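Engineer: Sequence:
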Amino acid sequence: MGNVNLGEIEFLVELLNKYPIESLRKIAESEGIDYYRLKRIYDKYYGKYIQVNAMYNISRIGLKSFVAFLSVAGSELREGGWRMVQNPYVVYLNAMFGFKNGISAILHIPGDQVDRVDDLLGRYSDDYEYYSVLSYPPSKDKKETGEWNLSHDYAVLMDILKWDARTPMKEISRQLGKSRPTIKYMMNRLREEGILTGFTANVDTPAYDRGVLGIADEIKGDLLERFKDHEIMIGTLKPKGYIIEWFFSSKEDLGTKLFEFSSYVEKVGIEYFDILEDLERSRKYYRFSKMVKKDGSGYRSILEF
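Going left to right, the sequence shown walks through residues 1 to 305 as the numbering used here numbers them.
If you are wondering where the hints come from, they were derived from the structure by calculation, not from laboratory data. Nothing here was measured: the structure is a model prediction, and the numbers come from that model. Check before you lean on any hint, since a few could be wrong.
[Unchecked claim] In silico lysine-lysine, DSS-like type, Cα no more than 30 Å apart, as pairs:
(1) K48 x K162
(2) K284 x K48
(3) K64 x K290
(4) K64 x K184
(5) K170 x K240
(6) K162 x K293
(7) K284 x K26
(8) K170 x K48
(9) K220 x K178
(10) K48 x K238
(11) K44 x K170
(12) K64 x K170
(13) K238 x K257
(14) K290 x K48
(15) K251 x K267
(16) K18 x K184
(17) K290 x K178
(18) K284 x K39
(19) K48 x K178
(20) K257 x K44
(21) K267 x K238
(22) K251 x K240
[As the list claims (entries may be wrong)] Using C-beta positions, here's what the derived DEER-type ranges look like:
(23) E129 x S282: 38 to 48 Å
(24) V114 x T182: 15 to 25 Å
(25) K220 x K170: 45 to 55 Å
C-beta: ideal position from N, C-alpha, C; glycine also.
With these hints in hand, go ahead and build the complete structure from the sequences.
Structural biologist: So this is what it looks like as structure tokens:
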């Protein structure tokens, strides 16, 4: 990470999680911090190692989350990945080797197009499997999946806030062709409808460039206690099961990690986050704005792309 002070990064992340979209002057005044010191640290790291991103409840806009695993030959991995990132409903992917050798991907699919997922994945591979995935533990919110009932401008705004929630209001106004009061109204509406749930400061660091991913029928034994001090994520699969990811560095012993993890899962694979990272970065501003029809009347077909 070059000339990087981890203490300064942690300092800035803490502040931005507390004041995600406030101005630097307001943050400095609220915290009693020297403005010029804060600005120096901010200019050094923000946009390079730290980004503030919006968080959304996609069920409120009619989307369902799936995780998919596709067999793709190594020689076709980048070509296949490139084709997949052209589709905005494929919201994340990386290379994986294990129970499927190829690509693991996260999909956000409109509720009324779930029956097209096989047709979608069949375009990229003849051998695949996929699962509906929910948070862990499952949310207590029993509200039925909603639908898209906003104008296309909201989709553009959601993309802007998703990739850099600290985008200057002047730039947001330019992109949307709307006044500041209108933009503030739109953001408040997203909050009030439970779509925009908050903001988080993320650190973009190569510290975790590998992962062990597993599919388990149940959360076994001491899993939660065993990995409580590690970077681990758990998702609930429908109709049954769990997806578990353990993140680590390529500098660590892969064989040991795999052996340690495999006793907790029935299927296991190794994720390589760096192999297709550049493909992920190539399409950052075009997710919701490509999904939603220009007239705002709903979602485009997942098979259009």
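Engineer: What are the numbers of the hints the structure violates, in ascending order?
Structural biologist: 5, 9, 10, 12, 20, 22, 23, 24
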